[in-house]
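> Given only the sequences and the hints, what does the whole structure look like? Please build it.
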Amino acid sequence: MHAPKSRTLLKILAALVAAWLALVSLPSHAEYADVVLNRRAEKEGVRPVVFPHWFHRMRFRCKVCHSELGFKMRAGANDVTMADIIDGKFCGMCHNDQIAWGAANCDLCHSGKKGLPPGIYGGSSTTGPGKW
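Quick note, the sequence shown lines up with residues -30 to -1, 1 to 102 if you use mature numbering (1 follows the signal peptide of the UniProt record, and there is no 0).
Everything labelled a hint here was simulated from the structure, so no lab data went into it. In this text, all values refer to a predicted model and were calculated from it rather than measured experimentally. It is possible that part of the hints are untrue.
To be verified - With a straight-line cut-off of 25 Å between C-alpha atoms, the simulated DSS-like cross-links for lysine-lysine are:
(1) Lys13 - Lys33
(2) Lys13 - Lys59
(3) Lys59 - Lys33
(4) Lys84 - Lys13
(5) Lys59 - Lys42
(6) Lys33 - Lys83
To be verified - Simulated restraints on C-beta separations:
(7) Leu39 - Thr(-23): 45 to 55 Å
(8) Arg9 - Val34: 18 to 28 Å
(9) Ala47 - Val(-14): 38 to 48 Å
Heads up, the beta-carbon is just placed ideally off N, CA and C, and yes, glycines get one too.
Right under this line is the structure:
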């Protein structure tokens, strides 16, 4: 008599776990997306920047960039220039040829297709930089 009750409990537990996993795996569009920066890139003769937020977010806590490096928590709210990066601000804090590649490797960041408008693209299943 105990076997049917334990099977029922196992089925209920399995259904609860499946429902929890389904909720947890919903896409998180801003957290693991690519951010395209093209406010001035094409005006200055270079391709748009594709910032792989997903790649950085998987490795660092939000506070690293949004508190310690000075990035505002809203896409499009940061006025980042190459001069800032070369001076060691924003991206340049890490992209300095010591921690990560430096500003001379233009195509690693300026990898977007011409005409790509600024914004957030993709979600948790984004294919990474340069695919937009």
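> Now look at each hint and say whether the structure bears it out.
Checked hints:
| no. | hint | in the structure |
| --- | --- | --- |
| 1 | Lys13 - Lys33 | 31 Å, violated |
| 2 | Lys13 - Lys59 | 22 Å, holds |
| 3 | Lys59 - Lys33 | 16 Å, holds |
| 4 | Lys84 - Lys13 | 11 Å, holds |
| 5 | Lys59 - Lys42 | 13 Å, holds |
| 6 | Lys33 - Lys83 | 30 Å, violated |
| 7 | Leu39 - Thr(-23): 45 to 55 Å | 53 Å, holds |
| 8 | Arg9 - Val34: 18 to 28 Å | 23 Å, holds |
| 9 | Ala47 - Val(-14): 38 to 48 Å | 39 Å, holds |
Of the numbered hints given earlier, the model fails hints 1 and 6; all others are met.
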